[in-house]
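Novice: Chain by chain, the residues:
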Amino acid sequence: MIELHLLLLFMIVAAIIAVEVKDLISSVVAVGAVGLGLSLIFLILKAPDLAITQLVVEILCLIILIRATIKRDLPLIKSGRWHFNTFSTLLFIIIFLTLAYVSLKDLPAFGYPILRVAANYLKEGFIATGAANLVSSVVLDFRAYDTLGEATVLFTAVMGVLVVMRRIGRKHE
Amino acid sequence: MSKMKQDQAGMTLIVKTITRLTVGLILLYGIYIVLHGHLTPGGGFPGGVIIALSFIHLMLAFGKETALKKLDQIRASLFESAGAIMFLSIASLGFVGGYFFLNFIGKGRPFNLFSAGTIPLCNIAICLKVGAGLFLIFVTLVVLSKMEER
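Protein sequence lines, in the order shown, are assigned to chains L and A.
Residue 99 in the numbering used here sits at position 99 of the first sequence, and the numbers go up by one each step.
Residue 1132 in the numbering used here sits at position 132 of the second sequence, and the numbers go up by one each step.
Keep in mind that a hint or two might mislead.
What the hints assert, rightly or not - With a cut-off of at most 35 Å between alpha-carbon atoms, the simulated DSBU-like pairs for lysine-lysine come out as follows: (1) L:Lys22 with A:Lys1016; (2) A:Lys1070 with L:Lys22; (3) L:Lys22 with L:Lys123; (4) L:Lys123 with A:Lys1064; (5) A:Lys1069 with A:Lys1107; (6) L:Lys46 with A:Lys1069; (7) A:Lys1016 with A:Lys1070.
Just so you know, these hints were derived from the structure itself, not from any lab.
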């Protein structure tokens, strides 16, 4: 468990650096460090499917972010930072942590889920679908509707990017 | 003159030589992850992203002409739509035996490459969709927005 807490601490520090640093490229690299830590956590928790997915998607996001932010000066707004903003942010963080402390006490212990459906999948998944990888049997057989929804979300995202960035619409501005 | 211009596109000679060696291996690894998605960790989504990354690798190292010659935007959007239609038709073919998303092909022997019914086919469909879609997003966001600045 200690390595998990160390990785979480590393991710929090990297996230704070990503927010606070002035240089855009350094900020992107710090975001990448957060994703790498998450992928290592998935690997420690014995979820290699998620670790592979997280790693490759993180690499793709980093490439797109670096190619999109490099050679482009985004304006940094400093004058609008009031003390009121800092104060209200701190207040909401304190309220959130208090409520989370009250409500998260009732969660089941780590690694002991209370849902019975997952145990059923583990028991019958191999016999019902014949797939050796239980994750793919859940994703593409028991919960295929969710995968259909995810595919629809990706399709809509690609269409949205193509419509917003297309060249024909830009010329008439 | 045009050949010299093509040589200058992309990154340095070192990166190009290494890319020539590795890009095929990356593509093969993506195909392996997709085809063995029902046996080993992986599946359609990570495999598709790895395949898209191999084309992006080619584009980063050799410039956009070389990569778009291998897979241009029209063909990529065709692949994406084909993946979506393939996934939906596999789901609809389940009505042959009863309900949506029924695993209507025989299960086969477990731990074989040809087993688990429709799951490998769904993996291939999702791989086509994700790989072509993410490659299209990269091309559109990076190349077209760079073109706009000039």
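Novice: Does the alpha-carbon distance linking Lys22 of chain L and Lys1016 of chain A stay inside the 35 Å limit?
Specialist: 33 Å, holds
Novice: What's the verdict on Lys1069 of chain A and Lys1107 of chain A, does the C-alpha distance respect the 35 Å limit or exceed it?
Specialist: 40 Å, violated
Novice: Take a quick look at whether Lys1016 of chain A and Lys1070 of chain A sit within 35 Å of each other, Cα to Cα.
Specialist: 16 Å, holds
Novice: Against the 35 Å threshold, does the CA-CA distance of Lys46 of chain L and Lys1069 of chain A hold or violate the hint?
Specialist: Roughly 40 Å separates the two Cα atoms, so the pair is violated.
Novice: Can the restraint linking Lys1070 of chain A and Lys22 of chain L be considered satisfied, given a maximum Cα separation of 35 Å?
Specialist: 39 Å, violated
Novice: Holds or violated: Lys123 of chain L and Lys1064 of chain A, Cα atoms, limit 35 Å.
Specialist: Between Lys123 of chain L and Lys1064 of chain A the Cα gap is close to 49 Å, so the pair fails against 35 Å, i.e. violated.
Novice: Is the Cα-Cα distance between Lys22 of chain L and Lys123 of chain L 35 Å or less?
Specialist: 52 Å, violated
This entry does not satisfy hints 2, 3, 4, 5, 6, going by the numbered hints stated previously.
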